[in-house]
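So you can see what is in the structure, the chains are spelled out below.
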Amino acid sequence: MVLRIRLARFGTARKPVYNIILAQAKSARGKKPIEVLGTYNPIPQEPLATPDTPEFLPTGERFTSKKIKDVQLDMVRTKYWLGVGAQPTEPVEKLFSLIGLIEPKPSSKAQQPFRSTSSSSSTSTPTPTPTPEVATS
Amino acid sequence: MPPRIPSSAASIAAKPTPSIHTHCKSCLNRAFSSTPSSQTTQLRRRMFAWLMQGPGANFRQPLANSTNYLSAYDKKGTLLRERNKKHGTSPAPSSEGPETDDMAALEEAAEDEPSLPKEDLEDLRPFPLNKSFVSQSILSDELREEIWKRVKVDGKSVRQVSVEMSIDMRRVAAVVRLVEVERRMASEGQPLAIPYAKAIHSMVPVNKLDARTRKPVEEHESINDLEQHPMTFPQIFWPTSESRAFNRTDAGRVFSAAPRLPDEQELGEDGKPVLEPWQDNKAEIIGKPGHAHPVLKPADARIPHPHLVAYEKDKLDPTLRPNEVRARYAERLQQEDSKRREFRERQIRAEEKKKSRIDTDRWQFVVTEVSATRAGTGLDGRGTKAPGFRYGVPSQERKKGQVKIPTSVQV
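For the protein sequence lines, the chains are V and E, in the order given.
1 is the number of the first residue of the first sequence in our numbering; add one for each residue after it.
1001 is the number of the first residue of the second sequence in our numbering; add one for each residue after it.
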């Protein structure tokens, strides 16, 4: 049987929140998993303002920060399970390749521009907090 | 529909004797009278007497720039503090001049304002039957602006401003927040309820800003008060040895069921230096997991401004000059402030270190590194320290009696 790293939906109607779990591929979505590796909130959240957050841009318009999507992940356990052959499902694969845990598929066109835009977008818009480098496996 | 009884006016004029022919049977058995009561009751007469001739007449034209509470007047309607000031004079004259009432009131206020003495405690009781309620003064607009300026422009800490102005730290923090909100609203062009604020400020006692000293005219409140801690509610009989002093630190440990400190850790014994109360700011946690609680500190360390204790000690020291005392105090404040700021920055840095931020076209993914182990879920799988939603643990979100609004403000 294949072990899969996949998402298990929680939350209420129209407010999904996901557990990132390790489970048998054929088991039901809501079944108790082998391990919970983390969570993923797909709804973009408004980040909290810090004392450094500017109210206005130098151009004079109001500063709006990028909305954030929250991912909590146990990297050590995830790397272990990927190492012993657990297969991520497609959404999880996209997420992991974004984080840098696995190589992005050459076929997925969405993966490549992310890297290039990440540097360009960070230079164009002033973010309140410095962007640390992406964790690499 | 049964026939209606004719209107009251007609029935008074006719005055028929109630009999079985004129009224129904049940009407004769009624316990109340249907005669209209046109005459005023005594209560109503007294009310109008109080309003027109009595003390109530004062409130038709209230005193400007003063509170207008009932207890400031006697039974005849004389302002007590005015009567006490000039003995033998007649009570405040009502408007009898040729000009309108409003004009007279304005003139009176203009004349009386400087001569009228300030309200004392007796005059500040709005409810005559509730003697223990005294109306407390609020901060004037200039005072609020001054507090905001000291914190935001001069960069002083809330603690320092609280000591300078003798206003509670929580109040200082609230003033800064509210003035910020007010400024933002003004900059966005939103309407402010200024007439309402003016009306309120003219009705309640207001603590004004002294233009010369840049401080409140009168001391606003006591800043170093300490509420009784619930841990100290029980009365405990605690036998102690006579060979050692039983001090406040020991009492706190008894109240929180912590063992007494060993002799070598005991401070203040055998000529060892006592830790200053403002330096004693690290919590000691005791108890098994699940029952862990902090040890109660002595009151000196728990008061809002413990460094004022050291300040007062310095003042009593004859070798120190007043400016030296002030300098030492300012230095201590600054040290503590920088220590707190450093701690907070370290905390933020440690938090940020666990996060990596990945920018995409539309969103920023914030990946937080967590540990999903048994230590977080607990042996029963119900622990909340590990990430993710628990399995087999129902959500308490919609359960009855769950308090979701904050019940206190942490400052």
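A portion of the hints provided could be inaccurate.
[Said to hold, decoys possible] Facing chain E, a subset of chain V residues (Cβ under 7 angstroms, in silico): (1) Phe10; (2) Lys32; (3) Gly38; (4) Pro44; (5) Thr64; (6) Lys67; (7) Asp70; (8) Val71; (9) Met75; (10) Val84.
If you are wondering where the hints come from, they were derived from the structure by calculation, not from laboratory data.
By construction, the Cβ of each residue, glycine as well, lies at the ideal position given by its N, Cα and C atoms.
Are V/Val71 and chain E close enough, Cβ to Cβ, to be under 7 angstroms, as the hint says?
-> holds, 5 angstroms
So, V/Gly38 near chain E? Judge it on the closest CB pair being under 7 angstroms.
-> OK, holds: V/Gly38 within 7 angstroms of chain E, min 5 angstroms.
With chain E as the partner, please determine if V/Phe10 meets the hint condition of a C-beta pair closer than 7 angstroms.
-> holds, 4 angstroms
Measuring from the C-beta of V/Lys32 to each C-beta in chain E, is the shortest one below 7 angstroms?
-> holds, 5 angstroms
Is the shortest C-beta separation between V/Lys67 and chain E less than 7 angstroms?
-> The hint holds - V/Lys67 has a Cβ within 7 angstroms of chain E, the shortest such distance being about 6 angstroms.
Chain E contact restraint on V/Asp70 - CB to CB distance below 7 angstroms = holds, 6 angstroms
Holds or violated: is there a CB of chain E closer than 7 angstroms to the CB of V/Val84?
-> violated, 16 angstroms
V/Thr64 as chain E interface residue, shortest Cβ-Cβ below 7 angstroms = violated, 12 angstroms
Minimum beta-carbon distance criterion (7 angstroms), V/Pro44 to chain E | Cβ of V/Pro44 sits 5 angstroms from chain E, so the hint holds.
Interface hint for V/Met75, Cβ within 7 angstroms of any Cβ on chain E | holds, 5 angstroms
Checked against the numbered hints given earlier, this structure breaks hints 5, 10; the rest are met.
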